[in-house]
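Using the sequences and the hints given, assemble the complete structure.
Residue numbers (the numbering used here), protein chains in the order written: chain B, 38 to 205; chain D, 4 to 93; chain V, 19 to 971; chain L, 46 to 462.
These are computed hints drawn from the structure, not numbers from a lab.
Please read all numbers here as calculations on a predicted model, not as lab measurements.
A virtual CB, placed ideally from N, CA and C, is assigned to each residue, including glycine.
Please note that the accuracy of each hint is not assured.
Listed next, the stretches of chain V that the computed footprint assigns to chain D, with coverage defined by at least 3 CB atoms under 8 Å from CB atoms of chain D [what the hints assert, rightly or not]:
{"no.": "1", "segment": "404-418"}
{"no.": "2", "segment": "716-724"}
Not the full set, but computed from the structure, chain L residues with beta-carbon under 7 Å of chain D [said to hold, decoys possible]:
{"no.": "3", "residue": "P299"}
{"no.": "4", "residue": "V348"}
{"no.": "5", "residue": "F446"}
{"no.": "6", "residue": "R447"}
Residues from chain D that keep clear of chain L, each with C-beta distances beyond 10 Å, as calculated [unchecked claim]:
{"no.": "7", "residue": "A22"}
{"no.": "8", "residue": "I29"}
{"no.": "9", "residue": "A30"}
{"no.": "10", "residue": "P35"}
{"no.": "11", "residue": "E59"}
{"no.": "12", "residue": "R75"}
{"no.": "13", "residue": "T84"}
{"no.": "14", "residue": "T85"}
{"no.": "15", "residue": "A88"}
{"no.": "16", "residue": "E90"}
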Amino acid sequence: MSEALIRYEPVPETPCVAAGVTISLAGPMQRFALRARRAEDLETVLKVRLPRHIGASEAGIACLGPDEWYLRAEAGATVPTDSGLPVAITDVSERSICLVIEGPRAAEILMSGCPLDLDNFAVGRATRTIYETVEVIIIREAEDRFHVELWRSFGAWFWIAITNAASH
Amino acid sequence: MILIHCPYCDEKRPEIEFANAGQAHIARPIDPSGESDADWETYLFIRANPRGRHHERWRHVHGCGRFFNAVRDTVTDKFETTYKAGEPRR
Amino acid sequence: MSGFRLETGGRVDRNQPVQFRFDGTSYQGLEGDTLASALLANGVMLFGRSFKYHRPRGILAAGSEEPNALVSVDRGPGRFTPNLRATGVEIHAGLNAVSQNRWPSLKADFGAINDRLGMFFPAGFYNKTFMWPRSFWDKVYEPAIRQMAGLGDAPTAEDPDHYASTYAHCDLLIVGAGPAGIDAALGSMDTNKRIILIDEQDELGGGALADPALWPWLERSHKALIDAPNVTILTRTTAFGYYHDNFIGAVQRLTDHLPKPGDGAREKLWRIRAGEVVLAQGAIERPLVFEGNDTPGVMLSSAAKIFATRYGVAVGKAVVLMAAHDSGWHDVFALAKAGVGIAAIIDVRERVDSALMQEAGRLGIAVHLNHSVMGVSGRHSVRAVQICNNDDYLARRIDCDAVLMAGGWTPSVHLWSHSKGSLKWRDDLGAYVPDQPNENVRCVGGCSGDWDFGNGAVIDVLPTPKDHSRIKAFVDFQNDVTAKDIKLAVREGFRSIEHIKRYTTNGMATDQGKTSNLNGLQIASSALDKPVPDIGLTSFRPPYTPQTFGALAGHAKGALFQPTRTTNIDSWADAHGAVFELVAQWRRARYFPKSGEDMHAAVNRECVAVRSSVGIFDASTLGKIEVVGPDAAEFLNRMYTNPWKALEPGRCRYGLLLKEDGFITDDGVSARLAPDRFHLTTTTGGAARVLNMMEDYLQTEWPDLDVWLTSTTEQYAVIALQGPNARKVLEPLVEGIDLSAEAFPHMAIREGMICGIPTRLFRVSFTGELGFEINVPTAYGRAVWERLMAQGAQYDITPYGTEAMHVLRAEKGFIIVGQDTDGTVTPFDAGLDWAVGKKKPDFVGKRSMARPDIVAPGRKQLVGLLTDDPNVVLEEGAQIVADPKQPVPMTMIGHVTSSYWSETLGRSIAFALVAGGHEMTGDTLHIPMPGKTHIAKVSGLVFYDPEGARLHV
Amino acid sequence: MTRFSAFSLFAKALSGHQDWPEQWPDAAPKPAYDAIIVGGGGHGLGAAYYLAKKYGITNVAVLEKGWIGGGNTGRNTTIIRSNYLYDESAHLYDHAVKLWDGLSQELNYNIMYSKRGVMMLAHNVHDVQSLQRHINANRLNGVDNEWLTPEQAKAYCPPLNIAPDARHPVLGAALQRRGGTARHDSVAWGYARAAAALGVDIIQNCAVTGIRRGADGAVEGVETTRGYIASKRVGVSAAGNTSIIMQMAGLDFPLESYPLQALVSEPIKPTFPCVVMSNTVHAYMSQSDKGELVIGAGTDQYVSYSQRGALHIVEHTLAAICEIFPIYRRMRMLRTWGGIVDVTPDRSPILGKTPVKGLYVNCGWGTGGFKATPGAGDLLAYTMAKDEPHKINAPFNLDRFRNGRLIDEAAAAAVAH
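As structure tokens, this is what we get:
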């Protein structure tokens with residue numbers, strides 16, 4: 038019955054193509070906020086290795102803070118949420134959308150409103166930051182490809198802002 | 004827009020990622036009900052507000068999310084140091 | 019020489035004539051001209067009128083320091099721009115410029131009467147008069163003063179252009195692309211540094227543009243820099259402000275110089291973070307102070323050189339130089355070589371470098387040393403100068419049509435000062451130069467005081483036999499500040515340079531004192547008989563030159579001004595005619611009018627539907643926080659006023675949150691999903707504030723607790739299904755949850771499936787009816803909503819908005835934090851004693867509730883209010899008194915916080931905060947409103963189904 | 046004192062304005078005074094004037110560390126209004142507005158009080174409720190404040206954008222017609238000149254470095270950069286520096302000092318007829334007699350005495366201005382500056398006695414001090430003269446932070462649900 042339910046997204050599903058950059062909505066995915074005092078506890082529960090340095094990301098898991106990781110997996114993936122260990126695993130799959138900003142001008146376009154020096158933001162790095170007044174998580178997937186995760190309700194605003202920047 | 008060194012991320016990040024959280028090292032009393040009105044007023048409202056070396060709290064709210072402490076000169080706005088919450092006063 | 023355009027020379031394109039208009043007259047200039055050079059080439063000397071005396075004014079300078087030649091440019095509807103410097107306006111086909119601050123015309127300006135009456139308008143005159151008769155100030159004097167003041171007219175239509183903005187990062191930022199700036203760029207070009215080179219002009223070169231000998235070098239350098247991949251060149255870009263940690267603001271002008279605005283951004287704001295900054299802003303020549311120095315045709319010597327060598331324009335045919343500095347001599351020699359007629363060189367100094375004398379002789383230029391200009395003939399243009407010997411004041415007349423002033427140089431230390439770098443005074447230059455840096459920055463070239471213009475004398479006012487108190491010798495040209503104004507200020511006791519500046523307005527014009535500050539300082543210094551450093555320096559503040567509001571606002575325009583947050587169901591509400599309201603950052607459906615319904619009718623219908631059958635409401639905006647960890651219950655117990663440890667999994671509880679000062683800050687119903695997992699809800703406006711407050715306590719007060727907070731506000735769309743038929747609508751769509759009253763009581767939560775997707779199903783009610791709040795993954799919110807609408811059709815399911823929600827909750831006596839409380843209300847004031855854990859030793863805000871004034875009697879307390887006339891709906895915010903007969907100011911004992919028409923009850927209902935209200939049940943109170951005083955009786959808060967029978971079905 | 050008038054101006058003009066006397070003498074400190082005011086801003090100079098004029102205490106010194114009027118008096122947006130919600134605030138600010146009226150004549154110094162009207166915008170249902178609560182309270186307090194529909198607001202201020210599809214549509218406005226602006230420097234100079242004429246010493250470049258207290262703890266005098274000056278009555282009115290001076294007397298205060306920025310546009314012919322404020326959009330603006338659009342920006346988020354604000358504050362402010370007044374997008378920002386504002390926990394001032402005998406304080410005005418200038422001066426003078434607060438400033442005591450009787454206008458504005 039669920040396949041019968043339509044998903045409504047806050048941004049157009051057709052990409053915005055501008056000189057040197059394409060902006061498109063990534064498909065649905067599973068997202069989990071992972072919290073723990075000790076990374077080992079989460080690793081025990083999840084049976085995966087966690088990156089230890091803030092800003093690092095490996096195998097879809099980004100370390101966003103000293104006790105915070107962000108797991109992104111393909112739609113349908115599940116993880117155990119209950120365990121005896123002192124960890125917090127919370128499903129936030131639908132909290133955000135992910136926009137893929139791709140092309141030689143990708144970094145330049147993001148810097149229209151993001152104050153970070155993205156020229157010096159290595160491939161594989163991930164961080165929570167801000168675009169003008171809106172909080173985002175930026176993940177550099179490749180030299181010319183960024184994933185921008187933002188809360189759904191800001192999607193419409195961000196889409197206009199970033200496509201405007203791309204068209205200038 | 005000042006640059007602030009986040010002791011958790013261990014890098015300088017722009018001010019708009021941070022939220023200032025007021026004077027540092029003001030611990031909430033263990034047993035507030037045991038506090039006199041005067042002591043409670045001091046905890047709630049009295050602030051050093053120095054001209055010069057100032058201990059203050061920041062939160063890297065649009066970053067790692069952590070509260071931390073800083074020593075900043077309120078005349079030059081320059082940071083002397085930042086350090087993690089819970090570490091002794093510098 | 020045709021007109022004033024020289025036969026040869028200049029960087030203008032003589033094959034590209036450009037037609038433009040000034041004050042309605044059509045002129046021809048050349049590609050590469052500014053409005054100033056093009057008009058000068060056409061023999062136009064009169065450009066505008068001064069601020070106060072409306073004196074005729076021409077061109078003083080050739081760059082952004084120009085104080086006089088301000089014009090308005092009209093590019094069509096919404097594109098009118100006042101106060102542009104003619105020296106900065108690049109001409110293009112169709113340019114339409116007009117002069118300002120004159121009526122009826124530039125030549126015949128009525129306001130010029132002020133000049134004749136000038137003796138009655140000394141500095142600060144407005145403080146001394148316009149006081150009698152008192153009533154005249156508002157009606158007569160002030161409107162007249164305002165009409166006289168101001169420069170250009172204001173825009174009157176919305177600007178159709180848009181503006182862009184960006185952040186940029188570089189290792190080396192160079193401000194100013196004159197020789198010094200270009201050398202700095204070339205010097206670092208071959209490193210791996212990212213370099214940004216900024217210049218306010220339309221091409222690189224700065225001073226070199228006025229020195230043909232340097233053009234080949236300039237060309238080579240320009241090419242090298244363009245070819246360098248690590249160098250970004252920004253021309254027509256002004257670095258206007260230097261902020262903390264090498265953060266520089268700059269505005270790039272993209273379309274003003276083009277014949278058509280086009281649809282690209284007009285200007286772009288660059289927010290640049292630089293590793294190192296090199297300031298190469300050069301220096302600005304100083305005017306000399308003498309009577310008539312503002313006559314059109316009197317200008318800076320360096321400007322005349324620029325007009326001749328860069329634009330191929332002669333500023334006159336018989337030019338006189340009034341010099342106090344060698345640089346003027348060199349300028350004049352260059353002019354002579356370019357074919358400009360030189361009438362004479364006058365120098366205030368007794369002797370100058372013999373090489374200068376020889377060159378003057380070789381060029382056959384008459385020289386008068388130890389002389390000064392004491393007067394200028396001509397009103398709209400120069401006809402002659404009177405000069406005098408500095409010792410015996412022996413005077414003579416020299417016919418001429420232009421006077422050049424060479425008063426020495428002022429380093430442009432503006433940005434250096436923004437960065438809080440210190441300055442030191444140099445007597446030999448008569449200027450402040452950079453001393454100790456406060457950021458990673460250095461100054462090179464002219465702005466560091468390092469130049470090869472030769473030597474000069476530093477003087478305040480040129481010697482003259484005339485009575486100084488009678489002559490107008492201008493210091494600040496645009497603001498009409500004269501030397502005698504500054505002396506008057508000193509005489510009246512204004513000793514600090516800041517006082518002198520504010521009293522005379524010297525340096526406060528749109529040029530920010532670029533040509534007047536130092537002369538003002540020198541004159542004040544003599545008047546006070548104190549060295550300049552002892553009377554201080556007015557601080558430089560951004561911007562270096564005026565910048566448009568549009569550029570600084572950047573792209574934040576219209577829809578982009580601030581995000582409007584919308585729920586997944588918002589698009590359905592929009593499609594079904596909802597009327598929206600803005601709440602915090604969100605837009606929420608306020609009511610769903612059917613054709614012909616006003617808000618009142620729609621809300622009544624929606625309320626009745628909920629009470630009689632079933633209503634559906636989008637509650638997605640409520641804040642949600644997932645609290646997870648072994649210490650979750652302990653944490654909530656410390657945060658909220660009420661106990662949480664005993665709450666069983668599967669059950670919900672109303673939580674009340676105080677600030678540490680004891681006042682209510684938020685509330686919401688929360689559920690325990692598992693021993694170590696809670697699903698909190700907060701108010702819509704409180705979501706971010708509450709999460710931050712909880713993180714604060716958790717991280718800094720109780721770091722020992724093993725519990726973590728995650729915002730899930732946007733993980734779930736929330737649909738409230740409320741009304742006696744709610745269960746019937748829901749049942750067919752839900753799997754894995756027994757909805758029966760026994761299995762699923764009020765204030766419980768169950769997890770299961772709805773329409774095939776997972777849901778967290780709350781049985782809660784903010785309406786007093788049987789109710790459910792369905793949490794589903796956000797992307798499916800609208801789809802589930804539509805299924806419920808279809809399923810509920812048989813029960814005439816009715817979507818309702820925030821307005822009906824407010825009425826329904828009020829009928830049941832539920833408060834809204836932020837409406838019925840206002841940041842000064844305690845749980846006891848709000849009648850929520852029951853939500854405060856009496857046995858808890860501590861929770862956030864508990865101690866403050868024991869403070870003397872909080873336990874004192876007579877605090878404002880929340881009560882119900884029923885008007886004697888049931889049809890009167892009180893105004894929210896209406897004030898309440900005990901005795902309506904008392905005179906104003908009245909003693910107010912409270913105010914109405916919520917007030918509605920209740921269709922269900924067939925009367926109005928209201929909440930009010932009333933002093934001592936809890937002891938006043940049944941008392942009569944008065945609500946004085948314009949024209950009528952309403953009467954109401956104090957009641958309880960619950961107006962409908964007080965025993966709650968309708969909930970537990 | 047030479048009386049200022051059109052006649053005297055005319056007379057002096059004939060002599061080339063050669064014989065205007067000093068507006069106030071540049072006094073050197075005497076060993077002792079009956080009263081000392083620390084801080085030569087409008088509030089402090091006003092207090093000295095009223096001490097001499099109304100309470101007969103003329104042996105008074107005003108100590109200014111720099112030049113008079115150089116602090117927030119000369120760094121604000123000169124807005125005057127009294128349409129505050131709570132009785133205490135309304136009475137406090139209306140006392141000031143009543144004094145503003147006629148102040149030019151009283152001081153014989155045109156301070157250019159312009160009753161242009163102050164309009165506060167409502168952008169959402171909650172704003173409307175909040176402003177109507179203000180209007181109703183003001184009416185019963187005898188303070189003028191009236192409701193305007195969007196169309197009436199536009200008629201009163203034509204540049205206002207009332208398009209219903211704006212990001213923050215205008216749903217209405219509250220207008221106080223007696224509100225307006227005044228010429229900030231003139232206020233300081235006018236009080237200085239009038240006070241000096243009554244015998245007050247105005248001492249500039251004289252920074253207080255210590256407060257000397259006797260065995261009984263009472264104030265005996267102040268140490269300054271120009272030597273010790275004795276006085277048993279010391280009133281501190283030093284916005285931005287109160288905490289530091291109070292610490293000299295061993296008092297810790299509930300204050301924090303933040304940078305506040307303001308800016309002006311280039312001057313233009315009259316285009317903006319009143320003062321408009323919007324709390325929701327965070328913008329307020331008026332037009333000065335000189336023709337400049339005067340715009341208040343926000344405070345930075347951290348404690349600072351640097352008077353150096355951040356660019357993003359200006360960006361947000363001008364975005365807000367362009368949102369409400371789109372016709373000004375092509376106007377240009379001419380000058381920005383920064384002040385230092387003392388902020389109390391309830392954002393209301395502290396005006397009265399301190400725990401130290403003979404030490405009085407006037408501080409914590411936040412961003413709202415200019416409008417209160419004459420009232421604050423008068424009430425500080427009263428409190429110093431009688432050694433007890435006037436009933437108008439009595440509620441603005443220090444004790445309220447202990448007993449919880451806060452006067453929290455901002456909290457009353459609350460936040461939307």
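**Item:** Cβ separation check - D:R75 to all of chain L, threshold 10 Å
**Value:** violated (7 Å)
**Asked** Is the nearest Cβ of chain L still more than 10 Å from the Cβ of D:I29?
**Response** holds (12 Å)
**Request:** Double-check L:R447 for me: the hint is only fine if its C-beta lies closer than 7 Å to a C-beta in chain D.
**Result:** holds (4 Å)
**Prompt:** Does the nearest C-beta of chain D fall within a distance shorter than 7 Å of the C-beta of L:V348?
**Reply:** holds (5 Å)
**Message:** Using Cβ atoms and 10 Å as the threshold, tell me whether D:E59 really stays out of contact range of chain L.
**Reply:** violated (7 Å)
**Asked** Taking a Cβ-to-Cβ distance below 8 Å as contact, does the segment 716-724 of chain V have at least three residues touching chain D?
**Response** Contact hint for the segment 716-724 of chain V vs chain D: holds, 4 residues under 8 Å.
**Asked** So is D:T85 really clear of chain L, every C-beta pair being over 10 Å apart?
**Response** At about 13 Å from chain L, D:T85 clears the 10 Å cut-off, so the statement holds.
**Prompt:** Is it the case that D:A22 keeps its Cβ farther than 10 Å from each residue Cβ in chain L?
**Reply:** At roughly 7 Å from the nearest Cβ of chain L, D:A22 sits no farther out than 10 Å, so the non-interface label is violated.
**Asked** Was D:E90 rightly flagged as not at the interface, with every chain L Cβ beyond 10 Å?
**Response** At roughly 20 Å from the nearest Cβ of chain L, D:E90 sits farther out than 10 Å, so the non-interface label holds.
**Prompt:** How does the coverage statement for the segment 404-418 of chain V fare against chain D, requiring three or more residues with Cβ below 8 Å from a Cβ of that chain?
**Reply:** violated (count 0)
**Asked** Does D:A30 really sit off the interface, with its C-beta more than 10 Å from all C-beta atoms of chain L?
**Response** Nearest chain L Cβ is 17 Å from D:A30, so the label holds.
**Message:** Would the non-interface assignment of D:P35 survive a Cβ cutoff of 10 Å against chain L?
**Reply:** holds (14 Å)
Going through the hint list in order, the structure does not satisfy hints 1, 7, 11 and 12.
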